[in-house]
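**Student:** Here is what each chain is made of, one letter per residue.
Protein chains: 2
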Amino acid sequence: MDLQLPKGTRDIAPEEKIAKDKIVNTLKEVFELYGYAPLETPLLEKYDVLSSKYAGGNEILKETFRLKDQGDRELGLRYDLTVPMCRFVGMNPAMKMPFKRYQIGEVFRDGPVGSSRYRQFTQCDVDVVGSSSMSADAEIMALIYSAFKKLNLDVVIKVNNRKLLNDVLDYCGIEKNKQEAVILSIDKLEKMGIDVVKGELKKQDIDDKTIGKIIDILNIKGNNEEKIAQIKNMIKESEGLEEIQQLLKFLKNINFEADFDVSLARGLSYYTGTVAETFIKNSNVKSSVCAGGRYDNMIGAFLGKGNFPAVGVSFGVDRIYDAIKQKNKQKTNTKIYVIPIKTLDESMKIAQKLRDAGINTDIDSMDRGPSKNLEFANSLGIPYVVFVGKKELEDNKLKLRDMKSGKEELMSIDDVIKKLKS
Amino acid sequence: MDLQLPKGTRDIAPEEKIAKDKIVNTLKEVFELYGYAPLETPLLEKYDVLSSKYAGGNEILKETFRLKDQGDRELGLRYDLTVPMCRFVGMNPAMKMPFKRYQIGEVFRDGPVGSSRYRQFTQCDVDVVGSSSMSADAEIMALIYSAFKKLNLDVVIKVNNRKLLNDVLDYCGIEKNKQEAVILSIDKLEKMGIDVVKGELKKQDIDDKTIGKIIDILNIKGNNEEKIAQIKNMIKESEGLEEIQQLLKFLKNINFEADFDVSLARGLSYYTGTVAETFIKNSNVKSSVCAGGRYDNMIGAFLGKGNFPAVGVSFGVDRIYDAIKQKNKQKTNTKIYVIPIKTLDESMKIAQKLRDAGINTDIDSMDRGPSKNLEFANSLGIPYVVFVGKKELEDNKLKLRDMKSGKEELMSIDDVIKKLKS
Chain Z
1 MDLQLPKGTR DIAPEEKIAK DKIVNTLKEV FELYGYAPLE TPLLEKYDVL SSKYAGGNEI
61 LKETFRLKDQ GDRELGLRYD LTVPMCRFVG MNPAMKMPFK RYQIGEVFRD GPVGSSRYRQ
121 FTQCDVDVVG SSSMSADAEI MALIYSAFKK LNLDVVIKVN NRKLLNDVLD YCGIEKNKQE
181 AVILSIDKLE KMGIDVVKGE LKKQDIDDKT IGKIIDILNI KGNNEEKIAQ IKNMIKESEG
241 LEEIQQLLKF LKNINFEADF DVSLARGLSY YTGTVAETFI KNSNVKSSVC AGGRYDNMIG
301 AFLGKGNFPA VGVSFGVDRI YDAIKQKNKQ KTNTKIYVIP IKTLDESMKI AQKLRDAGIN
361 TDIDSMDRGP SKNLEFANSL GIPYVVFVGK KELEDNKLKL RDMKSGKEEL MSIDDVIKKL
421 KS
Chain G
1001 MDLQLPKGTR DIAPEEKIAK DKIVNTLKEV FELYGYAPLE TPLLEKYDVL SSKYAGGNEI
1061 LKETFRLKDQ GDRELGLRYD LTVPMCRFVG MNPAMKMPFK RYQIGEVFRD GPVGSSRYRQ
1121 FTQCDVDVVG SSSMSADAEI MALIYSAFKK LNLDVVIKVN NRKLLNDVLD YCGIEKNKQE
1181 AVILSIDKLE KMGIDVVKGE LKKQDIDDKT IGKIIDILNI KGNNEEKIAQ IKNMIKESEG
1241 LEEIQQLLKF LKNINFEADF DVSLARGLSY YTGTVAETFI KNSNVKSSVC AGGRYDNMIG
1301 AFLGKGNFPA VGVSFGVDRI YDAIKQKNKQ KTNTKIYVIP IKTLDESMKI AQKLRDAGIN
1361 TDIDSMDRGP SKNLEFANSL GIPYVVFVGK KELEDNKLKL RDMKSGKEEL MSIDDVIKKL
1421 KS
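Protein sequences, first through last, are from chains Z and G. Every letter in the first sequence is one number past the one before it in our numbering, and letter 218, counting from 1, is 218. Going from the second sequence to our numbering is simple: count from 1 and add 1000.
Please keep in mind that the hints were generated in silico from the structure rather than gathered at the bench. Using N, Cα and C, we set each Cβ at its ideal position, and we do this for glycine too. Worth double-checking, as some hints may not be accurate.
[Unchecked claim] Restraint-style ranges between C-beta atoms, simulated for each label pair: (1) G:Lys1096 with Z:Met97: 47 to 55 Å; (2) G:Ser1422 with Z:Asn223: 39 to 47 Å; (3) G:Pro1370 with Z:Lys68: 51 to 59 Å; (4) G:Pro1370 with Z:Lys252: 26 to 34 Å; (5) G:Met1091 with Z:Gly358: 29 to 37 Å; (6) Z:Ser116 with G:Lys1203: 54 to 62 Å; (7) G:Asp1367 with Z:Met91: 24 to 32 Å; (8) Z:Asn223 with G:Asp1402: 41 to 49 Å.
Use the sequences and the hints to build the structure in full.
**Tutor:** In structure tokens, the structure reads:
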């Protein structure tokens, strides 16, 4: 048989899965620290839910895996975790608000594949549904900082506000019906550079003077207060600017700081207020590792009823993994490997004692000689091995080997446990 | 829009997800304690892998969700975790043996749905590939006991051996080519009772005397030693009996005990040695919650090459959840809910302090009054709330309320932290 994986998918081998699990567990811990509760939804959704007007949109629908069940019902593999959350909210009308949920799960896109583009990948979303307070936006930024601190990654969060961007475009003289397209062009500034943005704006029939005005504002320099002061001078009254100021004030109050960046746009059209992107400092991962914002209209529009203000972000588990894997050399969670030297019964007892003491333990089950076993433990990266020989057993001793230094010591099982627990 | 879930699927709401995660985390911890490493494989597999001769078989293939990608490639949603593991072993020929892996993930069956039959459900598999030693079988039994001990469930493991069953049927005079069908009938003893088994055997043209002989053996009473002695008296030499004796000896050596039950058959035809089923004592969950056995030929046959002895079991996460949920009343992982009384800035600081101390904390973001907030915290089952009023703040105090007893106490933030951490 020709063994192959489906195009655009991959196995996560133990060594990588250990690192991925560690990231996911850290994120979960922090989400719960901030009062978010876990949700799980099926990987399959009805196709009419995935394709409904205010769901993911046409572009994403083209990349949706479609299938039918035996009853000829149209289904699809979910392409994100937001649509399932909206459906869940809609199907549970008695739910208390705010609904603070996180969800970590696989999503699917039947699109082009590339070096870091897969057809199945992990999404990790945190959202508050039901609250329109900027304190919720601030809480999510604090959560982002706490999460990356726990992951030992130094990050900066850039924030902006969609209402403010609209006010800025009003000030520059861009008509309302053109603003969405202009914002989508501005979104390309970070990735493609200023010339691409200028070119796109020109194509949208915006005159050079107006383009200059927009670019000047996007280039405003200084610290948060200085930038806000300059913009305030121009646009005067702005709900968006007030929201940003309140967000930054709330953050300062709890000892966090975000970078206000009026050029931050975020590509998706459903954002209505705060937008945010998180970048790792001094990393070869240049793209954002956590992004999102406030989307006060989407859930209500999707459900066709009710008022569901919401704010949320999505963590890029795969990119975080890429940033961490250079640092992380841990290939196994196993602490010690027991090598019986014609002492299987006694060795099994010793392995059990180590496990009962809470130490992750493996033991040879292949009846191999000591050198083959050492090679095996080494290939797995297990940090300690213990040899169980007859002579040593008579003296109630074991020979513990530190695989890194190669140092060997004779000691009792209790001392082995003490050493490995410390 | 008519919001619906695909037939046979369900949402796992936060309250249930918390309990499910706890089970899964406990199992993972124990798997790693025994030296097993995690593996993740895609939810999609190529259809020709899923349908290959030694994969899941025709019955399961009828229930496989099929789909195509945009390149018209035939895919399917995986129906178990064993086929993906075999594929992974085949695609990684340099892998060191034994390969001790666990995998927890969703699988799909497009079959009939019922009260506890879903089209998407969680499987949780632990397997050792590459070792034919009974010490590996014993290790897996020890792992099962350790896992259920950690889950606070009292279980018994029933064990038998397929080779022994064949030897017993030889002794009874059943021809080799009929033995598989007879074993599948014996498998129904526990669920359907003795009369159904007798009826089925009759249909297979087995005479009454032979049926009587089989039933007598299946009904053998006594402790493990007594049962083994009786069978030994009849069948004399038996590799299967020797294996069972060695398994029980190994288990005793590490202070565990399994129940030898010669009537245990396990429905699947690929088992070649040890078979095991685990039952919870004194529970309304009567079905087995963890089952499996040794399958020394399957992986080699599937891959069309190599010798890959293997032993493994599958934990029934959903059934374990059913057994635990009566006991488990925990509705949230949030420990404390902060209620600002016109003190949002100060309250956010206090929430941050609690979170920095590692206490799972939530805070009102709806600007609600105290009684509405109390009702909210109560509906979520959060065990403590803290009121942050201006007057109390002046005295550096907070009012902590124990939601269960209703008792309220004035104390400093440090004392609140101390109390909740203890």
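**Student:** Does each hint hold? Answer for all of them.
**Tutor:** How the hints compare with the structure:
Checked against the hint of 47 to 55 Å, the pair G:Lys1096 and Z:Met97 passes, with Cβ atoms roughly 53 Å apart. Checked against the given bound of 39 to 47 Å, the beta carbons of G:Ser1422 and Z:Asn223, roughly 43 Å apart, stay inside it. The given range of 51 to 59 Å is respected by G:Pro1370 and Z:Lys68, whose C-beta atoms sit roughly 53 Å from each other. Separation of G:Pro1370 from Z:Lys252 is about 27 Å and conforms to the stated range, judged on CB atoms against 26 to 34 Å.
About 34 Å separates the C-beta atoms of G:Met1091 and Z:Gly358, a value consistent with the hinted range of 29 to 37 Å. Between Z:Ser116 and G:Lys1203 the Cβ separation comes to about 59 Å, which falls inside the hinted range of 54 to 62 Å. At roughly 27 Å, the beta carbons of G:Asp1367 and Z:Met91 sit within the given window of 24 to 32 Å. About 45 Å separates the C-beta atoms of Z:Asn223 and G:Asp1402, a value consistent with the hinted range of 41 to 49 Å.
Checked against the numbered hints given earlier, the structure satisfies every one of them.
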